[in-house]
Amino acid sequence: MTAPRHDGRNRAILALDTATSRVVIAVGSIDGAPLGVSYRLAEHRHGDHLLPAIGRVMGEANVRRSRVEAIVVGTGPGAFTGLRVGIATAKGVAHGLGRPLIGVATSEALIEAAAAATGAAPATILLLLPAGPSDRTVCRLGEPPRLLRAGTEPDVTPDDVLVAVDLDGRAPADATARGAAALDGIGEQLLRLGAERFAAGGEDMLATLVPEYVTLPRGITASSGEVAWSSDRR
Amino acid sequence: MSEPLILAIESSCDETGIALVEGGRRIHANVVASQVAMHAATGGIVPEVAARAHLRWIVPVLDEAWAASGARWEDVAAIAVTYGPGLAGSLLVGINFAKALAWVHDKPLVGVNHLEGHIYAAWLLDLEAPDAPDLPFPLVALVVSGGHTFLVEMRDHLTYRLLGQTVDDAAGEAFDKVGRLLGLGYPGGPAIMAAAAGAVRHDAVFPRAWLGDTFDFSFSGLKTAARRIVDAARRDAGLGDDAAAPLPGDVTAELAWGFQDSVVDVLATKTLRAAREVGARAIVVGGGVAANGVLRDRIARGAEGLGVPLIVPRPALCTDNGAMIGAAGARRFAAGELARFDLDARPSLPLAPR
Ligand SMILES: [Zn+2]
Chain Y
6 MTAPRHDGRN
16 RAILALDTAT
26 SRVVIAVGSI
36 DGAPLGVSYR
46 LAEHRHGDHL
56 LPAIGRVMGE
66 ANVRRSRVEA
76 IVVGTGPGAF
86 TGLRVGIATA
96 KGVAHGLGRP
106 LIGVATSEAL
116 IEAAAAATGA
126 APATILLLLP
136 AGPSDRTVCR
146 LGEPPRLLRA
156 GTEPDVTPDD
166 VLVAVDLDGR
176 APADATARGA
186 AALDGIGEQL
196 LRLGAERFAA
206 GGEDMLATLV
216 PEYVTLPRGI
226 TASSGEVAWS
236 SDRR
Chain B
70 MSEPLILAIE
80 SSCDETGIAL
90 VEGGRRIHAN
100 VVASQVAMHA
110 ATGGIVPEVA
120 ARAHLRWIVP
130 VLDEAWAASG
140 ARWEDVAAIA
150 VTYGPGLAGS
160 LLVGINFAKA
170 LAWVHDKPLV
180 GVNHLEGHIY
190 AAWLLDLEAP
200 DAPDLPFPLV
210 ALVVSGGHTF
220 LVEMRDHLTY
230 RLLGQTVDDA
240 AGEAFDKVGR
250 LLGLGYPGGP
260 AIMAAAAGAV
270 RHDAVFPRAW
280 LGDTFDFSFS
290 GLKTAARRIV
300 DAARRDAGLG
310 DDAAAPLPGD
320 VTAELAWGFQ
330 DSVVDVLATK
340 TLRAAREVGA
350 RAIVVGGGVA
360 ANGVLRDRIA
370 RGAEGLGVPL
380 IVPRPALCTD
390 NGAMIGAAGA
400 RRFAAGELAR
410 FDLDARPSLP
420 LAPR
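Protein chains in written order, with this note's numbering: chain Y, 6 to 239; chain B, 70 to 423.
Same shape as in the complex, but just chain Y (with noise of 0.2 Å):
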């Protein structure tokens, strides 16, 4: 008889996006081998049953908490609540654990699946995702995401390949059946790339990462250094 391949005794990553329509978990090897993903339409209640579910996928899986080496998280751009959602509890499990928090741009694992998905190269797919209910952001690999305001339509040339997640009706028919194709590798994705920086030694963002917004009220910037501290127990 032999031993199944991977059980709790291995060492594990764990992800998780709440970025797009769906709350994804994934736990993979340390390589960044799926050993289990589960994909739930998020339904604009993320929060409710993450962390039961992400129990479930670790038990599925033969995961123990205490073989979680590195937590990988989605950044964005996506929904704002999903993104909240999504980065505090995976700072509260990867704080809780002592373990290093991964950043990962929902957008890259986007890109990687859609490309893995069609055969396509990375660099020649053109991300669409939703931005509110009419802009949309465009990314594409390597650049930083853009907002494209409603009525606008990006500059496709004839090697682009158009992806849209998310956009049912906003967006071509192939591209959306693209971007659902895309939605469905997201989980692999992310425990690829994120054993990818995690073995190489990437920076542990658990203090400092915060969701990829492509939008900002106006008249604000990105900065978000000016808090004042107070420490008191006088």
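These are computed hints drawn from the structure, not numbers from a lab.
Check before you lean on any hint, since a few could be wrong.
[Stated by the list, open to error] Heads up, incomplete: computed chain B residues facing chain Y, CB under 7 Å, no partners named:
{"id": "1", "residue": "L124"}
{"id": "2", "residue": "G158"}
{"id": "3", "residue": "L161"}
[What the hints assert, rightly or not] Stretches of chain Y that chain B covers, calculated by requiring three or more beta carbons in the stretch to come under 8 Å of a beta carbon on chain B:
{"id": "4", "stretch": "92-106"}
{"id": "5", "stretch": "205-217"}
Using N, Cα and C, we set each Cβ at its ideal position, and we do this for glycine too.
Position chain B with the ligand relative to chain Y; hints supplied.
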């Protein structure tokens, strides 16, 4: 640790607060990262920015509180977290962070009403302070801040009867708006108090909304009147339409005094009348505006006349902080009121049904 230690998390508005409180009273650590300076640039809170800052600072705040307390996870009996009222996006950060910590460390989770926290700040004791007896019931509590203004009667722990509340703006909001009107900046409370201290004549008269013999409050009329009075003062000073030209310092001081006098008069008068009517054995004042020394002195004089103690926490415990959530959370925990993992943000959570 002789009594349960509660780890408490507060993120309902624009301060990220984490504290360790023993037995609902004794503060072992109380760390707050305040975004007030950040929001001063925009003249107020931008919810999107506030939520992001909570996410940015929550781990450093926890680490700092942890280090300050010297506590170990074995010592922690439960994790308490504010679940409302407040800004939904800000609340979600604290709630989900607390849930994850509770999940990993297998600790019970307790949901706390932020308003209840402001009241229970009155029970807090600093680590080195001598023991103090429990507050006597019934008591009357006034909570007055940038988001809330209300008066309740407590006949026992966790038992509230709402006596009155603001029908429009919170008192702290009026301070912010009039502070801006007078060119004193944001937040308005401390700025107006400082400016008012320089007043000499004390003859500026601002209206008071008494709302009959109810214990309700209204500050929107006062705000409108303040605009009219400030405009008139600008004309008298010959400033005309030059919006950038500041009023003379002595005029600003008199107006700041007159405005503050109106707010303090209404808050103090109603609180003292409520204390008399319910036969209160103590008066508690909490919330950011309770840090106003003039309000405190005015209620203190009246309380002395009634022969009842007045408890106003020190300023750092009046403004939003984690320790007050630990104080209230300990009572909820002792009452066996545990939250589950489906605990959700309640932006309009009331303290007590009317
Ligand atoms: Zn408050």
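Each hint tested on the structure:
{"no.": "1", "hint": "L124", "result": "holds, 5 Å"}
{"no.": "2", "hint": "G158", "result": "holds, 6 Å"}
{"no.": "3", "hint": "L161", "result": "holds, 5 Å"}
{"no.": "4", "hint": "92-106", "result": "holds (count 10)"}
{"no.": "5", "hint": "205-217", "result": "holds (count 6)"}
Violated hints for the displayed structure: none, as all numbered hints are satisfied.
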